[in-house]
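Here the protein sequences line up with chains A and B, keeping their order.
The first sequence: position 198 = 198 (our numbering), numbered continuously.
The second sequence: position 169 = 169 (our numbering), numbered continuously.
Everything labelled a hint here was simulated from the structure, so no lab data went into it.
None of the values given here were measured: they were computed from a predicted structure.
Mixed in with the good hints there might be a few duds.
[As the list claims (entries may be wrong)] Within a straight-line C-alpha distance of at most 27 Å, the following computed BS3-like cross-link-like pairs (lysine-lysine) qualify:
| hint | chain 1 | residue 1 | chain 2 | residue 2 |
| --- | --- | --- | --- | --- |
| 1 | B | 96 | B | 158 |
| 2 | B | 50 | A | 194 |
| 3 | B | 96 | A | 27 |
| 4 | A | 55 | B | 50 |
| 5 | B | 96 | A | 129 |
| 6 | B | 50 | A | 93 |
| 7 | B | 96 | A | 20 |
| 8 | A | 129 | B | 50 |
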Amino acid sequence: MPNPGSIAGPVASLINEFSKLPTVGPKTAARLVFYLLNRPRSEAQSLAEAILAVKDRVRLCSICFSITEEDPCPLCTDERRDRSLLCVVAEAKDIYSLERTSAYKGRYHVLGGLISPMDGIGPGQLRVKQLVDRVGSERPQEIVIATNPNAEGEATALYLSRLLVPLGVTVTRLAYGLPIGGDLDYADEVTLAKALEGRRTL
Amino acid sequence: MRLSWLALSNVRNYAALDFHPAPGLNVFIGANAQGKSNLLEAISLLGTGKSFRTNREADLIASGFQSASVSGGAHVRAGSVNLSCTVTATSRGTRKAYSANGRPVRYAAFLGTLNVVTFVPADLQLIAGAPSGRRRVLNGALAQEQPLYYRDLVRYQKALAQKSALLRSADEPDADLMAVYNETLVAAGTALMLARDRFVTAANAEAGRAHAAWSGGRETLELRYEPNVPYEIPTGEAIGAALAQRLRAAAAAERARRIPLAGPHRDDLGLLLDGRSLAAYGSQGQQRTAVLALKVAEYTVMHQRTGEAPLLLLDDVLSELDADRARAFLEGVEAYEQAFVTATHLPHDLPQSRVFTIEAAVLREIASTARARAC
Ligand SMILES: [Zn+2]
């Protein structure tokens, strides 16, 4: 990595900006900057505009709290989507992962994080009340909780099910276990135990 | 199990080391601060992913470098396996990465591949010391022996930390959220307690046997699991019910004092001689002998349950023991397949062993001793 003092100011400052991004270290940041230096101005222009457009034109959907250009978002206004299913995710980005599968046809609710008192995040810091209100007004039949299979995801799922089950909805969780194409020989005991817990009748 | 080769890169005072230990006893002799303990620490890192000396993992990295790496090849029952553990400095501390046979693996899968039992001078204070030290013995052995024990331990500790934060955060914490954490604490805690109960039962038999042989049957050593939450019989059902009941009963006091009050994080391991607490009534000599018996039991139970002899790491501890106790200990774990021993001077009366000197991180083999040598 070049000594920051030895290179042009704008280059150093763009490297600095890129290295603030998640998963981007100073080496990757420098590679991105030198790549952009060799590209036509128009390409840099459209990148800069796309970044600003994200900030200027994107906002939160007032129903599901996903990010959107129009409020309510296309997912909430699409009449073809199944109103009896509501999928709860921690972050808006999780919707994109689920949508890529094309396997889910219901609607979404973005919590805005996971419960973690250690980090100062209780139910009040998340969109839990809004979820309960939606269940009351939209009357879905099933809530699919799609939080990560880590400690916080698990606690958040258990908490939500305590709140929602008494409202008369079915609450389900994504199953986790063995990766497709994986080999039982290579699965560690913890993954195998989880897969066993999530087994089902054929 | 047996370590066939060991390679260090930028670990403490080792810039690079390539070492092929022998089966049986490997003895490292050297003055202090030459790298004896660092070598054993590296072996423990390969087995448990943790140092037995420090929680500051940045200290493992040789100064001026970004990362330290230990790799090694082991013969285990399932065949041979190559392991590595790399500690890398980050802006927020350190990050560790593990691999087995060249594939990156998570810590939970790495742990338990190469089992080690360590014995260091600080262990001689186990009986007089705080319960946390005795819990660490139970957790260390069980986590290596049973991957699911480690999973439950982590689940328990995370839920406990969240519950503590929740209790601190408000006078009247969210009751549903408290119930969620208590549910996890009961599920994971029950598994921990059941495993500890069974382990101590097995260890009690082994420690008692070793101790009786040493004392000529004059004294009786007993190891006793002392759970914070008592239960009638050691079944998952009975333990789970007792723990859930105790957490319900403690709820109001926990809210008032704003800390979690009950559960296996407050368990203890009791050591008794002829029915009397060694911590309260034992002489220093009696306590030391009991710790030796505990270590023999830890080793033997891990061996029995995994079907493989763990590596034995004795860091500077033989010199802390008189010759009789040192010999008694090595005879007590006679089933070891491979052991690593450090000392400032060559201990007398060692069984057949290979002896190396360590000076400024350089190993030199000086001799193979036979037991006859001491005669
Ligand atoms: Zn929406």
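Q) Does residue 50 of chain B pair with residue 194 of chain A here, judged by a C-alpha cut-off of 27 Å? A) The given pair, whose Cα atoms are some 25 Å apart, holds under the 27 Å limit.
Q. Holds or violated: are the alpha carbons of residue 96 of chain B and residue 158 of chain B at most 27 Å from each other?
A. Within the cut-off at roughly 19 Å; holds.
Q. Does the structure keep residue 50 of chain B and residue 93 of chain A at a Cα separation of 27 Å or less?
A. Measuring from Cα to Cα gives roughly 35 Å; hence the hint is violated.
Q. Is residue 55 of chain A within 27 Å of residue 50 of chain B, Cα to Cα?
A. 45 Å, violated
Q) Would the pair residue 96 of chain B and residue 129 of chain A pass a check requiring their Cα atoms to be no farther apart than 27 Å? A) 39 Å, violated
Q. For the pair supplied as a hint, residue 129 of chain A and residue 50 of chain B, is the alpha-carbon distance within the 27 Å limit?
A. Status violated; Cα separation ~43 Å.
Q) Between residue 96 of chain B and residue 27 of chain A, does the CA-CA distance stay at or below 27 Å? A) Given pair residue 96 of chain B, residue 27 of chain A holds - Cα atoms ~21 Å apart, limit 27 Å.
Q) Has the given pair, residue 96 of chain B with residue 20 of chain A, been kept, meaning a C-alpha gap of at most 27 Å? A) Satisfied, since the Cα-Cα distance of roughly 23 Å is no more than 27 Å.
In this structure, the earlier hints numbered 4, 5, 6, 8 are contradicted, and the remaining ones agree with it.
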